[in-house]
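A.B. asks: Heads up: the protein sequence lines correspond to chains A and S, in order.
Mind the numbering: the first sequence is residues 48 to 496 in our numbering, read in order.
Mind the numbering: the second sequence is residues 48 to 496 in our numbering, read in order.
Treat the hints with care, since some could be wrong.
The list makes no distinction among identical chains, and a pair is therefore deemed to hold if it is satisfied within one copy or across any two copies.
Claimed, not checked - Straight line, CA to CA, 25 Å or less: simulated DSS-like cross-link-like pairs of lysine-lysine:
hint	residue 1	residue 2
1	K248	K234
2	K427	K458
3	K245	K372
4	K327	K176
5	K234	K176
6	K372	K248
7	K81	K427
8	K86	K234
9	K458	K372
10	K458	K234
11	K274	K81
12	K491	K410
13	K427	K407
14	K327	K82
15	K248	K410
Derived by calculation from the structure, the hints in this document are not laboratory data.
2 protein chains.
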Amino acid sequence: MARTLERSSEKPLYEQIYEQIRDDVLSGRLPEGKKLPSKRALAEQLQVSLITVENAYSQLIAEGYVRAAQRSGYYAAYSGEAVEKPKAKPLRLPDSEKKEEQPPSRPAGADIFPFSVWTRLMRSVISEKGTRLLQPVDNGGAYELREAISGYLYRARGFYTPPENIIVGSGTEYLYNLLIQLLGRDKVYGIENPGFPKLAKIYALNNARFEYIPLDNSGMRADELEKRRVDIAHISPAHHFPTGIVMPISRRREILGWAESGDRYIIEDDYDSEFRRSGKPVPTIFGSDDLERVIYINTFSQTIAPSVRISYMCLSDELCGLWRKNLGFYACSVPAFEQYTLARFISEGYFERHINRAKKRFKRVCELTEQLILSCGNVKISEENAGLHFTVRLPENSAEIIAKCAECGIKVTPLSDYYAEGAACEDSLFLVNYAGAVEENLLKAFGKL
Amino acid sequence: MARTLERSSEKPLYEQIYEQIRDDVLSGRLPEGKKLPSKRALAEQLQVSLITVENAYSQLIAEGYVRAAQRSGYYAAYSGEAVEKPKAKPLRLPDSEKKEEQPPSRPAGADIFPFSVWTRLMRSVISEKGTRLLQPVDNGGAYELREAISGYLYRARGFYTPPENIIVGSGTEYLYNLLIQLLGRDKVYGIENPGFPKLAKIYALNNARFEYIPLDNSGMRADELEKRRVDIAHISPAHHFPTGIVMPISRRREILGWAESGDRYIIEDDYDSEFRRSGKPVPTIFGSDDLERVIYINTFSQTIAPSVRISYMCLSDELCGLWRKNLGFYACSVPAFEQYTLARFISEGYFERHINRAKKRFKRVCELTEQLILSCGNVKISEENAGLHFTVRLPENSAEIIAKCAECGIKVTPLSDYYAEGAACEDSLFLVNYAGAVEENLLKAFGKL
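Sequences are here, hints too, so could you generate the full structure?
C.D. replies: Encoded structure:
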């Protein structure tokens, strides 16, 4: 297949290669099972470095378009018909797309979060807004924040959703509560098993019917959704907690197909997607959903700080209308001041710069964490190159390594903790969560080892 | 009855008179129906001004200990046995009781809310907390905010509740949602009719069973609670919305007795109690509840700004334990930064000074609003000297006055809007809400009239 790359384009070369192969797989030009050129051969053919092709292949593998067979090469792994494309691009891009005018003048300090920028924005917001700060914002959230989020999603997650369809709330737990009120507690919710234990608690406290849906290597099983008469599938395809599974394109399509074949919905919990450590973020299901069956939900608790309680969800036009009619009377639960500050933080480009810095740090921390664990000998790390956690197979007597990790702010918990209803889980599997890791302590730990 | 006043006491003379007569009524020394001395006679006897006695009598009437009969004088109006006293005083008063060290140096500006103080506190919080700002707070709320609220309630509302029993959340609507999860949706909730329309919506969206309970002149009818098999009575005894009724002591006792005679609870919604325009605030039911049947709930949305989404509830030890067990996993929904700032605002005395300023302004605004309405002729204002609204009987053709009020930011709505299930309500009664009144426009309106 003849491929040409635009070397003057702003789009990285690896991304151009990724997109061309992805589109070939989706269009059937590269049918399932067809062998791809070796990395070395493609690199020579395209006159790019090996690492560029490696990056493209990694992304294709992560998203399930390509599979790697040991010692034998790479194969197309999906036969689809519809073309995955972002939702209609807005005629006029959101204002936040405009080039930033004020680059940060001070370098980032020891902390990841740019405090000085945040506080400067706070002061600007105070002086610019004046007494308008005391006025309540729209019940869906401050418009400028929703506009900033819309622009961010377009740039970072590749889909456009109008600001009016974005609902801001104080944390995803709060939004889950709203969603149950929006969709009804007579519906059956399907949640991932293993998964976030809080989710089951929230559905139970709301007297909503829910079913634990088992996973396989591709994530939530679509056949089980059908079998257990689920109406709403609650999934985290970008990076499943706790297994780390990135849902491949085949399963995404399968679950979307399931949702489209009835009055069903998908809640796409995109927490953690920003922290994919290499390559670009895995596309969302929301972005390829033409029939409005997907609700997208994400939070700033992980990307900024857990103490900043701001999350949001993107609703289809239909659900947005339903929200306005039935739930629109709820005042927005996030203080106006925090919303204005965050809006500025995003629209002036600080958020994405912060994410990039954070990604680099988490990459270092992840590598150190892996080294720390590997230094203990008989362990096997299962790693999906995404998010702030991975799983590891530890030997029976691993109290020492767990304690060492704890000293560095790394939580190691048995994977079985995240299974419900006595679902089978090997005892030797553990979840390693390094979101709270202290880099200094990690470096010290190596001195001690 | 011989009365002596302590003239050197910090307690105002009117409050001493009020307390002595209240205790005489509660103890039976002043039995129901017994005539009190005339205001003039008591003023002479105690060597105080007539206005001092008037203030004491007004408070006693407002709380239902005394009734005034036209042209005939004042009578004890309640025969109770238990003595109303605040819950056990803490051995060590909360830290926030200590004298403020930093009085505000700048006079309050045109705005009621002291912005400059608030922003100064924000800056102090940023510099003092540093990166701790990014850490999540306790799920019940930041301890220093709960401590500040505890101190404030003790000083302003006369009861002590430990900080651990105070749960902070982003708005009362959010807390109602939590309460339904805490108490269960299989319970029957009794809500005031007329009342806040949002309340019925929230119970309905949560699939909680609820009954509209009619009111009489004393507020929610206790006999109807019994009759309709209610488990949880949701009331606003300090100042009922929209009628403005202040629940007298007799009805408070009756409803508390109802709650104590079963596995029943009272949700005491104390919104608006701060703005009682003269005298001291009416005591809470929570403060006189020894059997832990009352949940106290209040918000800063009215007292600070609707855009500051901070509310709180005080739970009994038992309910607090249940909350920790079942709902304790919910992260506190209010940003940490906002909580720290509010904690400082309260503990350094600014909140109470702000309330006092706001009360004075609202008193002026209320008087202007009344004048504006009375200037239109055939109207009758029913006024309980409390809160930010009152009711008025308007003539049939009152579009002009409603429009005039709207120009001044005053909302005038038919009282029938707040009745459910076609409950009887006279067409001529209107609710006048002057919370959003613009004083300048009011003054201008008089120029125009």
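A.B. asks: None of the hints should be skipped; say for each whether it holds.
C.D. replies: We went through each hint and held it up to the structure:
In this homomeric assembly, K248 and K234 come within 25 Å of each other (Cα to Cα) both inside a single copy, at 16 Å, and across copies, at 20 Å. In this assembly of identical chains, K427 and K458 lie within 25 Å of each other by CA distance solely inside one copy; the values are 17 Å within and 67 Å between copies. Taking the shortest alpha-carbon separations for K245 and K372, only the inter-copy value of 13 Å comes in at or below 25 Å, while the best intra-copy value is 28 Å. When the C-alpha separation of K327 and K176 is checked against a cutoff of 25 Å, the pair qualifies neither within a copy, at 36 Å, nor between copies, at 35 Å.
Neither within a single protomer nor between protomers do K234 and K176 lie at most 25 Å apart by alpha-carbon distance, with minima of 43 Å and 45 Å respectively. For the homomeric pair K372 and K248, the shortest alpha-carbon distance between copies (11 Å) is at most 25 Å, but the shortest distance inside one copy (27 Å) is not. When the C-alpha separation of K81 and K427 is checked against a cutoff of 25 Å, the pair qualifies neither within a copy, at 31 Å, nor between copies, at 86 Å. Proximity of K86 to K234 under the C-alpha cut-off of 25 Å is found in neither arrangement, the shortest distances being 48 Å within a copy and 65 Å between copies.
Taking the shortest alpha-carbon separations for K458 and K372, only the inter-copy value of 23 Å comes in at or below 25 Å, while the best intra-copy value is 43 Å. Neither within a single protomer nor between protomers do K458 and K234 lie at most 25 Å apart by alpha-carbon distance, with minima of 35 Å and 40 Å respectively. When the C-alpha separation of K274 and K81 is checked against a cutoff of 25 Å, the pair qualifies neither within a copy, at 33 Å, nor between copies, at 75 Å. Taking CA atoms no more than 25 Å apart as the test, K491 paired with K410 passes inside one copy only; the shortest distance there is 18 Å, against 64 Å between copies.
For the homomeric pair K427 and K407, the shortest alpha-carbon distance inside one copy (24 Å) is at most 25 Å, but the shortest distance between copies (70 Å) is not. Taking the shortest Cα distances, K327 and K82 sit within 25 Å of each other inside one copy (24 Å), while across copies they are farther apart (83 Å). Taking the shortest alpha-carbon separations for K248 and K410, neither the intra-copy value of 32 Å nor the inter-copy value of 47 Å comes in at or below 25 Å.
Hint check: violations occur at hints 4, 5, 7, 8, 10, 11 and 15; the rest are consistent with the structure.
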